[in-house]
Amino acid sequence: MSELEQLAATAGVEVAGKLSQKLSRPNPATLVGKGKLGEIKELQSEQGADLLLFDEELTPSQQRNLEEALDTKILDRTGLILDIFARHARTREGRLQVELAQLEYRLPRLTRMWTHLSRQGVGGVGLRGPGETQLEVDRRRANERIARLKDELKEVHAHRELYRQKRRREGLPIVALVGYTNSGKSTLLNALSDAHVHAENVLFATLDPTTRQLHLPEGQEVLLTDTVGFIQRLPTQLVAAFRATLEEIQDADLLIHVVDLTHPNAEEQTQTVDKVLAELGVADKPRIVALNKIDRLFPDLINQDGNRDGHANGKSDARPDAAAISAQIAADLELGPDYVPISAQQHWGLDELLKRVQSTLSAALVPVRVLIPYTASDLVSIFHEKGIIETEEYLETGTSITGRLPQRYAPLFASYLQAIS
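Letter by letter, the sequence shown follows residues 3 to 423 in this note's numbering.
Hints should not be assumed to be uniformly reliable.
[Unchecked claim] Subject to a maximum C-alpha distance of 25 Å in a straight line, what follows is the list of computed DMTMM-like cross-link-like pairs (lysine to aspartate or glutamate):
#1 LYS168 x ASP140
#2 LYS156 x GLU48
#3 LYS277 x ASP302
#4 LYS357 x ASP380
#5 LYS24 x GLU7
#6 LYS36 x GLU48
#7 LYS43 x GLU58
#8 LYS357 x GLU223
#9 LYS152 x GLU223
#10 LYS168 x GLU146
#11 LYS357 x ASP276
#12 LYS388 x ASP276
#13 LYS20 x GLU101
Just so you know, the hints here were simulated from the structure itself, not pulled from any lab data.
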């Protein structure tokens with residue numbers, strides 16, 4: 003219920019009151035029982051409320067029955083989230099995805115919009131009244147629009163796939179920020195890469211994926227991608243519409259799971275993210291958990307002026323005791339090696355996070371020794387750009403290199419491999 007209240011505030015709705023009911027099973031006609039329906043009507047009258055929000059997803063008939071019984075606008079959790087997405091979608095792809103999700107959600111609910119017209123006609127067996135005619139026209143237009151939106155999204159997704167293929171050819175490791183909505187992913191992206199992405203203390207402030215280049219401490223270049231936040235019971239229409247956007251995560255070499263450590267339901271939110279990642283088939287990807295907003299838990303340890311290790315565009319002015327404080331916090335919280343305490347807003351702990359990213363990516367590299375003939379000198383350039391070189395020697399027959407490469411580039415050098423002693 004507190005999350006529903008947050009969603010309402012994000013949509014610009016002022017909450018006047020709230021009620022809940024424990025039922026062995028929902029009422030198929032109105033979701034809630036008859037007595038509770040009376041309580042809702044009484045509270046609505048007292049508060050002068052002009053909108054009722056339900057945390058559960060209502061069936062079209064339940065929504066219609068509730069609106070008739072309470073004589074006011076009814077919105078369920080799915081409809082509310084769709085409204086928020088519509089407000090926050092900024093790119094063409096985002097707007098297309100949201101409109102598609104809204105139409106597919108509203109299509110089975112169109113009946114109630116035209117009931118007043120059906121009463122105006124003189125109907126009979128085998129005859130259609132004007133209300134039914136209008137409803138059929140409206141449904142046909144909705145279906146036609148859905149078909150057009152899907153065609154447009156196919157084109158947009160084709161362009162996105164070309165972009166992905168280009169990124170794969172360039173071979174830069176991809177690091178994706180994932181997490182529950184409002185956990186601080188966009189703030190972290192801004193802190194690490196100076197991206198200037200819109201960040202706000204509301205749910206779903208960012209919908210469209212943003213990718214920026216980032217340099218790790220040893221100079222390695224990676225692509226850092228922000229993704230749409232997750233939420234419990236994310237509407238199926240949105241999951242389907244945003245699948246192409248979420249597939250950005252599938253291309254990632256490493257996931258940074260950003261957790262709002264101060265949230266009272268942090269553990270439950272983490273489980274929700276784990277579930278969505280499993281549904282996307284990426285649960286086994288290497289992952290680092292960034293415990294964000296740590297400054298709120300340890301304000302005395304993390305002095306904003308004295309222990310700030312700011313980071314932007316790959317540059318850092320870390321204080322020497324920042325790593326020690328991070329280790330102390332990790333010990334206090336009994337964290338494992340995959341957890342890094344940070345404060346994205348205060349730019350604290352980011353150097354340690356980048357070191358962890360670098361070491362995780364390096365651990366995934368394949369050790370190789372190759373002898374590249376001078377006729378294939380372009381592979382030497384690729385090794386320099388994409389891998390880590392430990393030794394390089396110019397011989398009579400070609401360039402001998404010992405080092406490590408991302409797994410995806412190893413096949414390019416298969417013809418020139420030498421045994422590593």
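For each hint, the structure was consulted:
1. In summary, the hint linking LYS168 to ASP140 is not supported, as the alpha carbons are separated by about 42 Å, beyond the 25 Å threshold.
2. Our distance criterion of 25 Å between C-alpha atoms is broken by LYS156 and GLU48, whose separation comes to about 49 Å.
3. Restraint check for LYS277 and ASP302: the C-alpha separation of about 35 Å exceeds 25 Å, so the hint is violated.
4. Restraint check: the Cα-Cα separation between LYS357 and ASP380 comes to about 30 Å, which exceeds 25 Å; the hinted pair is violated.
5. Between LYS24 and GLU7, the direct Cα distance comes to roughly 19 Å. Compliance with the 25 Å bound is thereby established for this hinted pair.
6. For the proposed pair LYS36 and GLU48, the alpha carbon gap of about 19 Å is at most 25 Å, so the pair holds.
7. Note on LYS43 and GLU58: the hinted pairing holds, with a Cα-Cα distance of about 18 Å set against a maximum of 25 Å.
8. Between the alpha carbons of LYS357 and GLU223 the distance comes to roughly 13 Å, so the proposed pair stays at or under 25 Å and holds.
9. As the CA atoms of LYS152 and GLU223 are separated by approximately 36 Å, the hinted pair breaks the 25 Å bound.
10. Annotation: proposed proximity of LYS168 to GLU146 is violated, straight-line Cα distance about 34 Å (limit 25 Å).
11. Distance check on the hinted pair: LYS357 and ASP276 sit about 24 Å apart at the alpha-carbon level, within 25 Å; holds.
12. Restraint check: the Cα-Cα separation between LYS388 and ASP276 comes to about 30 Å, which exceeds 25 Å; the hinted pair is violated.
13. Of the supplied pair hints, the one linking LYS20 and GLU101 is violated, its CA atoms being roughly 30 Å apart against a limit of 25 Å.
Violation of the numbered hints given earlier is confined to hints 1, 2, 3, 4, 9, 10, 12, 13; the remaining hints are satisfied by the structure.
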